[in-house]
Amino acid sequence: MSATAAQSPGQTPGQTPTAPEPRESVRRRRAARPRNTGGLSSTSLIYLVLVGVIAASVVLTAIEGRNFFSQGNIWAVLTAMSVLGLIAIGQTLVILVGSLDLSVPYVVSLATVIAAGGMKGLDSNLPAAGVNTLGLCALIGLVMGLLVGVLHVHGFIASLGIGLVVSGYLGTNYQGSHGDASPDLELLGRSGIAGIIPTAFIILLVAAALVTLLLRYTRLGHHLYAIGGNQDVARMSGVRTVVPVVAAHVMCSVLAGFAALLLLSRTGVGLPTIGSQGRYDLLSIAAVVLGGTLLAGGKGSVIGTIGGVAIFAVLDNVMGVMQVNPFLKDFVRGLVIVLAVAVYARRSVVRRPPRFGGSGPLGASLGTNQKGGAA
Amino acid sequence: MTKSFFGNTVLDGLDLTLRAGEVHGLVGENGAGKSTLMKMLAGVYTPDGGTIVVAGEQVSFSHPVQAQRAGVSTVFQEFNLLLERTIAENIWLGREPRRFGRAGPVDTARMRRDTEELLTGLGVSGLKASTLVRSLSVAEQQIVEIAKAVSFDAKVIQMDEPTAALADHEVELLYSIIRRLTERGVAIVYVSHRLKEIFDLCQTITILKDGQHVATRPAAELSEAELVRLMVGRPLTTYFPEKPVDVEVGEVRLALSGVGNGYVDDVSLDVRAGEIVGLAGLQGSGRTELLETVFGVHPVARGSISLDGAPLKVSSPRQGVRARLAFITEDRKAKGLALNQSILDNALGVVRSVFPRRTGQARREMPEVLSNLDVAAASLGQEVQFLSGGNQQKVVLARWLSIDPLVVLMDEPTRGIDVGAKHRVYELMRELTRQGVAVLMVSSELPEVIGMSDRILVMRDGRLAGELPAGSTEEAVLAMATGATSEEDAA
Numbered sequence: 032m033s034a035t036a037a038q039s040p041g042q043t044p045g046q047t048p049t050a051p052e053p054r055e056s057v058r059r060r061r062a063a064r065p066r067n068t069g070g071l072s073s074t075s076l077i078y079l080v081l082v083g084v085i086a087a088s089v090v091l092t093a094i095e096g097r098n099f100f101s102q103g104n105i106w107a108v109l110t111a112m113s114v115l116g117l118i119a120i121g122q123t124l125v126i127l128v129g130s131l132d133l134s135v136p137y138v139v140s141l142a143t144v145i146a147a148g149g150m151k152g153l154d155s156n157l158p159a160a161g162v163n164t165l166g167l168c169a170l171i172g173l174v175m176g177l178l179v180g181v182l183h184v185h186g187f188i189a190s191l192g193i194g195l196v197v198s199g200y201l202g203t204n205y206q207g208s209h210g211d212a213s214p215d216l217e218l219l220g221r222s223g224i225a226g227i228i229p230t231a232f233i234i235l236l237v238a239a240a241l242v243t244l245l246l247r248y249t250r251l252g253h254h255l256y257a258i259g260g261n262q263d264v265a266r267m268s269g270v271r272t273v274v275p276v277v278a279a280h281v282m283c284s285v286l287a288g289f290a291a292l293l294l295l296s297r298t299g300v301g302l303p304t305i306g307s308q309g310r311y312d313l314l315s316i317a318a319v320v321l322g323g324t325l326l327a328g329g330k331g332s333v334i335g336t337i338g339g340v341a342i343f344a345v346l347d348n349v350m351g352v353m354q355v356n357p358f359l360k361d362f363v364r365g366l367v368i369v370l371a372v373a374v375y376a377r378r379s380v381v382r383r384p385p386r387f388g389g390s391g392p393l394g395a396s397l398g399t400n401q402k403g404g405a406a
Numbered sequence: 440m441t442k443s444f445f446g447n448t449v450l451d452g453l454d455l456t457l458r459a460g461e462v463h464g465l466v467g468e469n470g471a472g473k474s475t476l477m478k479m480l481a482g483v484y485t486p487d488g489g490t491i492v493v494a495g496e497q498v499s500f501s502h503p504v505q506a507q508r509a510g511v512s513t514v515f516q517e518f519n520l521l522l523e524r525t526i527a528e529n530i531w532l533g534r535e536p537r538r539f540g541r542a543g544p545v546d547t548a549r550m551r552r553d554t555e556e557l558l559t560g561l562g563v564s565g566l567k568a569s570t571l572v573r574s575l576s577v578a579e580q581q582i583v584e585i586a587k588a589v590s591f592d593a594k595v596i597q598m599d600e601p602t603a604a605l606a607d608h609e610v611e612l613l614y615s616i617i618r619r620l621t622e623r624g625v626a627i628v629y630v631s632h633r634l635k636e637i638f639d640l641c642q643t644i645t646i647l648k649d650g651q652h653v654a655t656r657p658a659a660e661l662s663e664a665e666l667v668r669l670m671v672g673r674p675l676t677t678y679f680p681e682k683p684v685d686v687e688v689g690e691v692r693l694a695l696s697g698v699g700n701g702y703v704d705d706v707s708l709d710v711r712a713g714e715i716v717g718l719a720g721l722q723g724s725g726r727t728e729l730l731e732t733v734f735g736v737h738p739v740a741r742g743s744i745s746l747d748g749a750p751l752k753v754s755s756p757r758q759g760v761r762a763r764l765a766f767i768t769e770d771r772k773a774k775g776l777a778l779n780q781s782i783l784d785n786a787l788g789v790v791r792s793v794f795p796r797r798t799g800q801a802r803r804e805m806p807e808v809l810s811n812l813d814v815a816a817a818s819l820g821q822e823v824q825f826l827s828g829g830n831q832q833k834v835v836l837a838r839w840l841s842i843d844p845l846v847v848l849m850d851e852p853t854r855g856i857d858v859g860a861k862h863r864v865y866e867l868m869r870e871l872t873r874q875g876v877a878v879l880m881v882s883s884e885l886p887e888v889i890g891m892s893d894r895i896l897v898m899r900d901g902r903l904a905g906e907l908p909a910g911s912t913e914e915a916v917l918a919m920a921t922g923a924t925s926e927e928d929a930a
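If you're matching them up, the sequences are chains A and B in order. Note that the first sequence covers residues 32 to 406 in this note's numbering. Note that the second sequence covers residues 440 to 930 in this note's numbering.
The following block holds chain A by itself, in its conformation from the complex (with noise of 0.2 Å):
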């Protein structure tokens, strides 16, 4: 580090620095060093990116001979959104407090017979069994939580195990859709403003505003961070561990079972394999790594998590426009997905700048400012 190492001198040998030089030394030090190594933060990569998804699909469409910015597109992309969004908030909560929620694709297939079969077709059903079905996934939420915090299974296994428990109720008790959506609900899936934002995006818009200002404005959101950066220094640091891991786990089935509500909205009756046919374990799970959110937890944002989800759904936007066969749909989400976190881990790999120029990606261009490294 040359900045610091050619003002050291002045604290040594043996001679005693006063108060201000340290001052001086630290002040250097941090302007020698580059602020961040990568340039852009993630989430600004993630939107970066989806604009040009987005300029790219323009293009597709209009290949195509249609409008990708027609009324009825955006309409259709923006609703494929939500339901995917929703989750992804929830499981992005779960992710930052270093677990997994492999359950929701069950949790939604439930929580769609259950809140159909409650309504019967009746607006005067409507709050019940929005309510019984929130609940119940909540419920599931806690036992998943529960598992984790208290008994310290790790989330990928406790949330497999009562994911395959909710699917094998599902399987014996349900064959065929059960049950009937009140008439409102189906309304507020039809619902939405000029036609081009429905109703269901804003219930998106509003999940993904509140989340957020959880997780920055409470001690909540503070200790979700702190416990999937490292438990156990949110444990010495006197963190509850087990209340955040709970309150995620509940929050992310409590999403999913909005999802299944807006789902519920357009299909009308519930769907006992809905959630599995829309393989939203995998997807959010995606999405949230899309998004810049480690997977290990400790790192990350609901409003990357939107960036990635918005991601996947202009892709099958254009995909389903250009009448793309399935097997290549798969192909180019997956493509996504590892060439995403691909550069996310070269990105945190790159922690010691070169000194000298020409050997590394960034030699040339910062080759001088370089000099200072870090220690």
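Fair warning: there could be bad hints in the mix.
Calculated pairs, SDA-like style, for lysine to any residue (alpha carbon to alpha carbon, straight line, at most 25 Å) [stated by the list, open to error]:
no.: 1; chain 1: B; residue 1: Lys478; chain 2: A; residue 2: Asn261
no.: 2; chain 1: B; residue 1: Lys648; chain 2: B; residue 2: Ala664
no.: 3; chain 1: B; residue 1: Lys774; chain 2: A; residue 2: Leu326
Partner residues aside, some chain B positions facing chain A, computed with beta carbon under 8 Å [stated by the list, open to error]:
no.: 4; residue: His502
no.: 5; residue: Pro503
no.: 6; residue: Leu520
no.: 7; residue: Glu523
no.: 8; residue: Arg524
no.: 9; residue: Leu532
no.: 10; residue: Glu535
no.: 11; residue: Val545
Covered stretches of chain A, as calculated for chain B (at least 3 residues, CB under 8 Å) [as the list claims (entries may be wrong)]:
no.: 12; stretch: 254–265
no.: 13; stretch: 322–330
The set of hints was computed from the structure by calculation and includes no laboratory data. We treat Cβ as the ideally placed atom computed from N, Cα and C, and that holds for glycine.
Assemble chain B onto chain A, guided by the hints.
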């Protein structure tokens, strides 16, 4: 105060009195009970007997936060920081200030203000409360830890090996922070293996050995030799083993000619068989990177390396090992050992993966190699994470001895290990030279570089700044490492 684990008494009947504004040194070999004592005062362990009195009030802790609230804060060697969170979020973790009473939102503005006040109070400016801890240097992270300790209105701050990862000029900064704290009447418990620091800083020194209290004396009444004698219970006449007379420095083993890449530039040096060459320099001067380049971690972009006269081309650590280079890394927990695997598996790790046919033989020889190194462990099946730092380092050494290395690259070989283990490492280095091995050693401890090296090379800013003969003074090495005359233009 007494503490026992599983029936083994680790600490027995110890008394310790700390006065306000005093720096109290706590020394002893690893396993002497220093960590246990610190952890009891920190609330990590609960004492089995005895009492703790803070400012006239008897207290008992069952959790670190209770200790901190009572005024006893601890800066552990391994920092308790969240790398992906900001300085402010780290300091106030678990007690974030809230607006409008208990149910209100977290007051981020106040967190930031209070953090900056704390840092200014320590004489540190230029660290922003909103900076991510990941982007801080080790020294800066330590400042954050100290600020966190102070934020509890600490009356006592314990520091465990605070300089273990600091460069010399950063140590000066730490000293000045400690002085500021003592001026405010804070008592400091200072644990270090570096005796020079103990004498620099401490007014009183307590010596522990095998869980027993050996002595508490004013620093002024102790000499370094006397202190070492009390710690190990036997006089160490020479701290560094004498250079054996029967070792002759042979032909050039390892030679670098104009080696350069992204981290180092134009490095030419040679190490002869049976020679120990010390590599000094400030932290970040490219010493570690130079060793890594020789070992094949970083590609060589310019210049060439030769081994025993033949060109050496390594582009991966695996090829480095195949050429029989050994590399003892500075961070043994992250890069040297698989902590949750057994001693035997760790010791055989290299031979197994690179010279699989020799595994059987190495396995048969390993118990003897380990006992020669005085590894203290219940069995070879014990997981290395439960060993002391010194014993862990010996396991690292054993794994490299198993390939019969031609060249041993050592990066901070005695960091964080006790005096006895240090001595054993030094002896081993001498034994290696007797077998004609070339040793290239990076160390931030100047006495070690000076005491062990046949020649001293000094690095600065990724280049070799010069060479000094054995027995040079610390001042000479430091002057060369810092480029004492060119202060202005480099800054």
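Three residues minimum, CB to CB under 8 Å: does the stretch 322–330 of chain A make the cut for coverage by chain B? Let me know.
It holds, with 3 qualifying residues against the three required.
Is the straight-line distance between the alpha-carbon of Lys478(B) and that of Asn261(A) 25 Å or less?
holds, 20 Å
Hint status (Cβ of Glu523(B) to nearest Cβ of chain A, threshold 8 Å)
Holds. Min distance 4 Å.
Three-residue Cβ test at 8 Å for the coverage of the stretch 254–265 of chain A by chain B
With 8 residues close enough to chain B, the hint holds.
Against chain A, with CB atoms and a cut of 8 Å, does the hint on Val545(B) hold up?
Nearest chain A Cβ about 5 Å off; hint holds.
Chain A contact restraint for Pro503(B) - C-beta distance below 8 Å
holds, 5 Å
Was the hint right that Glu535(B) lines chain A, CB cutoff 8 Å?
Where the cut-off is 8 Å and the nearest Cβ of chain A is about 5 Å from Glu535(B), the hint holds.
Taking the least C-beta to C-beta distance, is Arg524(B) closer than 8 Å to chain A?
holds, 6 Å
Quick one, are Lys648(B) and Ala664(B) close enough, alpha carbons at most 25 Å?
holds, 16 Å
Next item in the hint list is His502(B). Is there a CB on chain A closer than 8 Å to its CB?
Since chain A brings a Cβ to about 7 Å from His502(B), closer than 8 Å, the hint holds.
Is the straight-line distance between the alpha-carbon of Lys774(B) and that of Leu326(A) 25 Å or less?
Holds, at about 23 Å.
Would the stated hint for Leu532(B) survive a check requiring a Cβ distance to chain A of less than 8 Å?
Leu532(B) check passes; min Cβ-Cβ to chain A is 4 Å, inside 8 Å.
The structure agrees with every numbered hint stated previously.
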